[in-house]
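Work out the full structure: start from the sequences and follow the hints.
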Amino acid sequence: MKNGVGVAQNIVLFGGTSEIGQAIIHKVVKPGVSHVVLVSRDIDEAESQIADVAEKYSDLDIHHVKFDAADAASMVHVVAEVADEIGDIDVAVIAQGVLQEGVDYFANPEALVSVADVNFSATMVLMYALAARMRTQGYGKIVLLSSVAGERVRKGNPVYGATKAGIDGFALALDHELEGSGVSILVVRPGFVTTKMTKGMDKAPFSTDANGVASAVAKALNTSRKVIWVPGLLQYMFFVLKNLPISIWRRLPL
Amino acid sequence: MTMQRLSGWGRTAWTVADLIHTTDVDEIRSAVTQSNERGVIARGLGRSYGAASQNAGGAVLELTAENDPMGIDADFDPLTGVLTVASSVSIDAILRMCVPQGWFIPVTPGTRFVTVGGAIASDIHGKNHHFDGSFGQHVLSITVMLSSGEVVDLSPQQNPAWFWATVGGMGLTGVILSATISMLKIETSRVQVETVRLENFDAVCAAMGSDGVDDDFRYSVCWIDLLATGSAMGRGVLTRGDHAPASAVAKEDSLAYDPRLSVSAPSWVPNGLLNKWSIKAFNEAWYRKAPSKNHVGLESIPAFFHPLDGVNRWNRLYGKQGFIQYQFIVPLDRTDVLRKVIEKFSAAGVASFLAVLKRMGVQNDAPMSFPTEGWTLTLDMAAGITGLAELLADVDEMVLDAGGRHYLAKDSHVSANAVRRGYPRLDEWMGIQEQMDTQGVWRSDLSRRLGLVDHRRSK
Numbered sequence: 001m002k003n004g005v006g007v008a009q010n011i012v013l014f015g016g017t018s019e020i021g022q023a024i025i026h027k028v029v030k031p032g033v034s035h036v037v038l039v040s041r042d043i044d045e046a047e048s049q050i051a052d053v054a055e056k057y058s059d060l061d062i063h064h065v066k067f068d069a070a071d072a073a074s075m076v077h078v079v080a081e082v083a084d085e086i087g088d089i090d091v092a093v094i095a096q097g098v099l100q101e102g103v104d105y106f107a108n109p110e111a112l113v114s115v116a117d118v119n120f121s122a123t124m125v126l127m128y129a130l131a132a133r134m135r136t137q138g139y140g141k142i143v144l145l146s147s148v149a150g151e152r153v154r155k156g157n158p159v160y161g162a163t164k165a166g167i168d169g170f171a172l173a174l175d176h177e178l179e180g181s182g183v184s185i186l187v188v189r190p191g192f193v194t195t196k197m198t199k200g201m202d203k204a205p206f207s208t209d210a211n212g213v214a215s216a217v218a219k220a221l222n223t224s225r226k227v228i229w230v231p232g233l234l235q236y237m238f239f240v241l242k243n244l245p246i247s248i249w250r251r252l253p254l
Numbered sequence: 255m256t257m258q259r260l261s262g263w264g265r266t267a268w269t270v271a272d273l274i275h276t277t278d279v280d281e282i283r284s285a286v287t288q289s290n291e292r293g294v295i296a297r298g299l300g301r302s303y304g305a306a307s308q309n310a311g312g313a314v315l316e317l318t319a320e321n322d323p324m325g326i327d328a329d330f331d332p333l334t335g336v337l338t339v340a341s342s343v344s345i346d347a348i349l350r351m352c353v354p355q356g357w358f359i360p361v362t363p364g365t366r367f368v369t370v371g372g373a374i375a376s377d378i379h380g381k382n383h384h385f386d387g388s389f390g391q392h393v394l395s396i397t398v399m400l401s402s403g404e405v406v407d408l409s410p411q412q413n414p415a416w417f418w419a420t421v422g423g424m425g426l427t428g429v430i431l432s433a434t435i436s437m438l439k440i441e442t443s444r445v446q447v448e449t450v451r452l453e454n455f456d457a458v459c460a461a462m463g464s465d466g467v468d469d470d471f472r473y474s475v476c477w478i479d480l481l482a483t484g485s486a487m488g489r490g491v492l493t494r495g496d497h498a499p500a501s502a503v504a505k506e507d508s509l510a511y512d513p514r515l516s517v518s519a520p521s522w523v524p525n526g527l528l529n530k531w532s533i534k535a536f537n538e539a540w541y542r543k544a545p546s547k548n549h550v551g552l553e554s555i556p557a558f559f560h561p562l563d564g565v566n567r568w569n570r571l572y573g574k575q576g577f578i579q580y581q582f583i584v585p586l587d588r589t590d591v592l593r594k595v596i597e598k599f600s601a602a603g604v605a606s607f608l609a610v611l612k613r614m615g616v617q618n619d620a621p622m623s624f625p626t627e628g629w630t631l632t633l634d635m636a637a638g639i640t641g642l643a644e645l646l647a648d649v650d651e652m653v654l655d656a657g658g659r660h661y662l663a664k665d666s667h668v669s670a671n672a673v674r675r676g677y678p679r680l681d682e683w684m685g686i687q688e689q690m691d692t693q694g695v696w697r698s699d700l701s702r703r704l705g706l707v708d709h710r711r712s713k
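Protein chains in written order, with my numbering: chain A, 1 to 254; chain B, 255 to 713.
It should be emphasised that the hints constitute simulated quantities derived from the structure, not laboratory data. The reader is advised that the hints may include incorrect statements.
To be verified - Simulated pairs of lysine-lysine, DSBU-like, Cα-Cα distance not exceeding 30 Å: (1) K598(B) to K56(A); (2) K226(A) to K534(B); (3) K56(A) to K534(B); (4) K547(B) to K30(A); (5) K530(B) to K27(A); (6) K242(A) to K196(A); (7) K543(B) to K219(A); (8) K196(A) to K30(A); (9) K574(B) to K30(A); (10) K594(B) to K30(A).
None of the values given here were measured: they were computed from a predicted structure.
Here it is as structure tokens:
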């Protein structure tokens, strides 16, 4: 669990090489954190990104667990493996995701299966597995990196948007199911984030970077907030966008 | 099952547990023997500040009794002052029963709303530690339910190892069911108090330490203004005294005792009400209020011992974010560390509504008991202060490097390593804990964070 000054003891990052995920770890690791687990496909890369944190906190144990983010069936086992390593999972950050920009789904519809697996199916299984474990702990926080792309799915990348819309809705409903259990979910909806995932893409207005998202997450972790937008202004923008009639929405240069 | 969100008195780090309110021995036994792998911890009035009486995902046995002085589960002999009570009985109830008969609780903390069970498990101390020691030293015997369901009698003569492991054992050796306590004879219900204003930290240390006068007073504690800077750094108001003799009080109400709650803190206190500026103003007023010349007067028991109990639920004053109370002790010759700690908090702009310094007496036989000969400084602060985790980690190091340690009943943040360094008898205690807890049942949020019990050894 967390201590009296809001520091969680055991933190797990799913998608251990994710830039945003790593930025969050760098922000939330403070004196009082005992274990950090990086769950990723590429353990060496995840490890090198966190080397500075490991050096700064001599009491901190860093662990690695390998996983395939697309393998939904393996997620229950992955969570069990993490719990075996460190005991209680106090904060779980779910940062794995696939964007797959520029694929012609009309020519290769089957290409979307892997996006749906990582962003949606496997994440849902993972979140249920985490929630089940955390419920027995009487405490836990799941941070889900969603996206404004799920708020109103648009042309250009309907697959990505639809998976984010799906997982976002799922997370909020799961949080509702967990009411009173001591477990809660924080849904993070960043706008355009300049990372390796979006490299080469045109910057959208109100863009942010991994550190911006990490700061917002760190701030929200010790509150009862269910959803945060980064930057915060997007909440009001999307309130308008979401409620526009289709005829107007489609004419917008988005 | 009643799953309920619980926190300590500091209202931080809430977790959910199955809360079982009972004082019935059979019900306690079935809860203990049928617990899940997250285990069980006993809870009294929830006055420990951190996570000592929380048990996320497990069971919390709430052992509290009605505060009716006539209805308390107690057996008191007014001739000898020997009191046998259920662990669920509060010091408040005991005082209301015993003070009019001329007896006082031998050790009281700053609140009377603690149960006897909690007082023993935390081995609480009061303003008289240098004179009378801690609570455990006045306990003649206890009955404890072990994790097997068996009930054992323990005393300093009968199984002293188990007795002293339970005193200060934070509830991790068993559920304390009852205790026999040797009460303190008093002639009146008033305290004769000397109040001394001390202009800086050197004056405080001299008055409480090197002058040697402190030993003549049964009760002694100094309030410190943490926000005073420059030549006034560490200024304070020292109050010390003893129970007033019969000659000092009019006979007809010499043992009168009426501890009424005056006001309640509302539930909607805005965050940040207690901030640097409001506390600075309070401190200035509090310091000025104390007479500049030494003054001796009579005070009531609630006014002298339990001033904060006058505000019901005062812990809400810190708002939704809650607060932490930081209490540590350093050896007598390390006043330099106290000064550095005060400077550090002061420089960081950390305002403390309550900062008190006390010189403690010698340590007792309990391996996990906090008090040891030295200076103990207690301060509280809002939990939401930016950078607090880093600041406290630095202060923790200073305290531990000086051979000091932290009080577990107040703690809500230190690391497992800090307890290992501060309590050299930890391993010895863990060995006894393991002997007593054959079923691996006792667990709390505190024990998880600090590694006080071997959590792999679960049923």
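For each hint, the structure was consulted:
Taking the CA atoms of K598(B) and K56(A), the gap is near 22 Å; set against the 30 Å cutoff, the hint holds. Between K226(A) and K534(B) the CA atoms are separated by roughly 36 Å; this puts the pair beyond 30 Å, and the hint is violated. Distance check on the hinted pair: K56(A) and K534(B) sit about 35 Å apart at the alpha-carbon level, beyond 30 Å; violated. Proximity of K547(B) to K30(A) is assessed by CA-CA distance (about 47 Å); at most 30 Å being required, the pair is judged violated.
For the given pair, K530(B) sits about 26 Å from K27(A) by alpha-carbon distance, which is consistent with the 30 Å threshold. A C-alpha spacing of about 28 Å is found between K242(A) and K196(A), which places the hinted pair at or below 30 Å, so the restraint holds. Between K543(B) and K219(A), the direct Cα distance comes to roughly 40 Å. Violation of the 30 Å bound is thereby established for this hinted pair. Proposed proximity of K196(A) and K30(A) is supported: the alpha carbons are some 26 Å apart, at most 30 Å.
Taking the CA atoms of K574(B) and K30(A), the gap is about 22 Å. The hint holds against a cut of 30 Å. A hinted pair counts as satisfied when its Cα atoms are at most 30 Å apart, and K594(B) with K30(A) qualifies at roughly 23 Å.
The structure is inconsistent with the numbered hints 2, 3, 4 and 7, although it conforms to all the rest.
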